[in-house]
Amino acid sequence: GAVVSQHPSWVICKSGTSVKIECRSLDFQATTMFWYRQFPKQSLMLMATSNEGSKATYEQGVEKDKFLINHASLTLSTLTVTSAHPEDSSFYICSARDQGGAIPEAFFGQGTRLTVV
Amino acid sequence: QQQVKQSPQSLIVQKGGISIINCAYENTAFDYFPWYQQFPGKGPALLIAIRPDVSEKKEGRFTISFNKSAKQFSLHIMDSQPGDSATYFCAASNPGNTPLVFGKGTRLSVIA
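Top to bottom, those sequences are chains A and B.
In case it helps, my numbering puts the first sequence at residues 1 to 117.
In case it helps, my numbering puts the second sequence at residues 118 to 229.
It should be emphasised that the hints constitute simulated quantities derived from the structure, not laboratory data.
None of the values given here were measured: they were computed from a predicted structure.
The beta-carbon is built from N, C-alpha and C at its ideal position, and this holds for glycine as well.
Please note that the accuracy of each hint is not assured.
Claimed, not checked - Pairs of lysine-lysine, DSSO-like flavour, derived with a Cα cap of 30 Å:
no. : chain 1 : residue 1 : chain 2 : residue 2
1   : B       : Lys188    : A       : Lys64
2   : A       : Lys41     : B       : Lys188
3   : A       : Lys20     : A       : Lys55
4   : A       : Lys20     : B       : Lys159
5   : A       : Lys20     : B       : Lys221
6   : B       : Lys132    : B       : Lys174
7   : B       : Lys221    : A       : Lys66
8   : A       : Lys64     : B       : Lys185
9   : A       : Lys41     : B       : Lys175
10  : B       : Lys159    : A       : Lys14
11  : B       : Lys132    : B       : Lys159
12  : B       : Lys132    : A       : Lys41
13  : B       : Lys174    : B       : Lys122
14  : B       : Lys221    : A       : Lys64
15  : B       : Lys174    : A       : Lys41
16  : A       : Lys41     : A       : Lys20
17  : A       : Lys55     : B       : Lys159
18  : B       : Lys159    : A       : Lys41
19  : A       : Lys55     : B       : Lys132
20  : B       : Lys221    : A       : Lys41
21  : B       : Lys159    : A       : Lys66
22  : B       : Lys221    : B       : Lys185
23  : B       : Lys122    : B       : Lys175
Unchecked claim - From the structure, some residues in chain B lie toward chain A, with a derived Cβ separation under 7 Å:
no. : residue
24  : Pro157
25  : Pro169
26  : Ala187
27  : Lys188
28  : Pro216
Chain B with its partners taken away, still in its complex shape (with noise of 0.2 Å):
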C-alpha cells in the first residue's frame, strides 16, 4: 500500500521556469515531510522538510507548500536551471525515529 502519491513522474521545464511536484498522503499521524534530490548513482540529498504546524516554507529557490486539510503538500522550484536535473522524492514519517515513506519520484529535465 502506497502512503505517498507523488505526481507527475515526469516534468520538463524551461530554464528559468519554475517546476512543481505534488505529493499527496492518506496517513494523519504523519509529521514530518521531506523532499530528497537524488542523482543517479548518488544517495538522495534532503532538500526541505517541513512539519505539519506549518503551511509553508522557503529555502532559496526551494519551497514547500503544505495543505493540512487536503493531506497534500508540493515542491516549487523557482528559477529552475539544468543543473537541478534529477529525480525529485517526497516523504513522510511517523513522530520519533521512524523510517520515511516515499513517493514513486519525479524525474525532472530543465531544458535550455
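Bound conformation, chain A alone (with noise of 0.2 Å):
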C-alpha cells in the first residue's frame, strides 16, 4: 500500500519554544492532507486539513495561530506547534488519501509523540 511518512517519531521540546513535523506522501501526490490528535486511550480527532497551495482547514476549537500547518508541495505538509505549553503534549498524526486507486485509501503516518517539559 501507499505510505506516508513522518517525521520526528518523537520529540521533547521546553515550554516556549516551536516544533515542527514533517508528513510525506512517499509514492503519491496529496493535494489533501489531514492532521489527527491522539490522546492516551483515546481515539483519533481531526484537527485540521491541510490543502497544498492554499490556507488549511482547522476545526472548530483548534487555534490556527498555535498549530501552523503548511502545504507547499504536493508531497509535504508540515505541522509546526508554536509556543508549546505542556497541554500540547499528545501524539500527532498525519494521513493523507491515495486518490490513484479505485477506491481513495487513506493511510497514516508513524506519529509523533510530543512532550512539552
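Taking the hints as your guide, dock the two standalone chains into a single complex.
Here's what the structure looks like:
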C-alpha cells in the first residue's frame, strides 16, 4: 500500500518553544493531507485539513495561530506547534488519501509523540 | 457529535477464537468504511476497507461485514492470535478526498 512518512517520531521540547512535524507522501501525490491528535487511550480527533497551495481548514476549537500548517508541495505538509505548552503534549498523526486507485484509501504516518516540559 | 459508534470498548478472546467488533453510523452519505489496527506508539495501519455496494469483504483472516439498511458494519478476525492484540478503530468518510471520522476504538487482547 501507499506510504505516508512522518518525522520525527518523538520530540521533547521546552515550554515556549516551537516544534515542526513533517508529513510526506512517499509514492503518491497528496493535494490534501489531514492532521489528527490522539490523547492516551482515546481515538483520533481531526485537527485540520491541509490543502496544497492554500490555507488549511481548522476544526472547531483548534487554534490556527498555535498549530501552523504549511502544505507547500504535493508530497509534503508540515505542522508547527508554536509556543508549546505542556497541555500540547500529545500524539500527532498525519494522513493522506491515495486518489490513484479505485478506492481512495487513507494512509497514516507513524505518528509524532510530542512532550513539552 | 460522534458519527461512528464502536463497540465493545474492550475485548478478550482466546487464541484461535473469533474476534468481532461492531460499528454503527448515522450519515448515509458515507461511502468508505475502513478498519485500522494500532499498536502503542504507532500510527494506525489500514487493515481492510469496504464500500457500501458490497456486503462482505475478506482479506486473509480479516472480514468486513456490511449492512447498509441497518447502517452497521463489523470486523471479524478469524483464528485470533496474540500478535493481534492491539487497538482497532473503525472509520467512515464522505465521498471525495475527505477526512475520516473514527469510532472510539476497541482494545483487543488475545490470550493463549
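For each hint, the structure was consulted:
Taking the CA atoms of B/Lys188 and A/Lys64, the gap is about 35 Å. The hint is violated against a cut of 30 Å. Proximity of A/Lys41 to B/Lys188 is assessed by CA-CA distance (about 26 Å); at most 30 Å being required, the pair is judged to hold. Straight-line distance between C-alpha atoms of A/Lys20 and A/Lys55 comes to about 17 Å, which keeps the hinted pair within the 30 Å bound. With a C-alpha separation of about 19 Å, the suggested pair A/Lys20 and B/Lys159 falls inside the 30 Å cut-off, and the hint holds.
The suggested pairing of A/Lys20 with B/Lys221 holds, with an alpha-carbon distance near 28 Å, which does not exceed 30 Å. For the hint linking B/Lys132 to B/Lys174, the alpha-carbon distance of about 23 Å falls within 30 Å, and the restraint holds. The suggested pairing of B/Lys221 with A/Lys66 holds, with an alpha-carbon distance near 26 Å, which does not exceed 30 Å. Distance hint between A/Lys64 and B/Lys185 is unfulfilled; the C-alpha atoms sit about 37 Å from each other, more than 30 Å.
Among the hinted pairs, A/Lys41 with B/Lys175 is consistent with the structure: their alpha-carbon atoms are about 28 Å apart, no more than 30 Å. A hinted pair counts as satisfied when its Cα atoms are at most 30 Å apart, and B/Lys159 with A/Lys14 qualifies at roughly 23 Å. For a cut-off of 30 Å, the pair hint linking B/Lys132 to B/Lys159 stands: about 24 Å separates their Cα positions. As the CA atoms of B/Lys132 and A/Lys41 are separated by approximately 24 Å, the hinted pair is consistent with the 30 Å bound.
Between B/Lys174 and B/Lys122, the direct Cα distance comes to roughly 21 Å. Compliance with the 30 Å bound is thereby established for this hinted pair. About 25 Å separates the Cα atoms of B/Lys221 and A/Lys64, which keeps this hinted pair within 30 Å; it holds. As the CA atoms of B/Lys174 and A/Lys41 are separated by approximately 28 Å, the hinted pair is consistent with the 30 Å bound. For the hint pairing A/Lys41 with A/Lys20, the CA-to-CA distance comes to about 24 Å; that is within 30 Å, so the pair holds.
For the proposed pair A/Lys55 and B/Lys159, the alpha carbon gap of about 28 Å is at most 30 Å, so the pair holds. Distance hint between B/Lys159 and A/Lys41 is fulfilled; the C-alpha atoms sit about 13 Å from each other, no more than 30 Å. With a C-alpha separation of about 49 Å, the suggested pair A/Lys55 and B/Lys132 falls outside the 30 Å cut-off, and the hint is violated. Our distance criterion of 30 Å between C-alpha atoms is met by B/Lys221 and A/Lys41, whose separation comes to about 9 Å.
The suggested pairing of B/Lys159 with A/Lys66 holds, with an alpha-carbon distance near 24 Å, which does not exceed 30 Å. For the hint linking B/Lys221 to B/Lys185, the alpha-carbon distance of about 21 Å falls within 30 Å, and the restraint holds. For the given pair, B/Lys122 sits about 22 Å from B/Lys175 by alpha-carbon distance, which is consistent with the 30 Å threshold. Hint status for B/Pro157: violated, given a least beta-carbon distance of 9 Å to chain A, over 7 Å.
For B/Pro169, the suggested interface contact is broken, since its CB lies about 12 Å from the closest CB of chain A, more than 7 Å. The criterion of a C-beta within 7 Å of any C-beta in chain A is not met by B/Ala187, whose closest approach is roughly 22 Å, and the hint is violated. The beta carbon of B/Lys188 comes no nearer than 19 Å to any beta carbon in chain A, farther than 7 Å, and the hint placing it at the interface is violated. Look at B/Pro216: its Cβ gets to within about 5 Å of chain A, closer than 7 Å, so that hint holds up.
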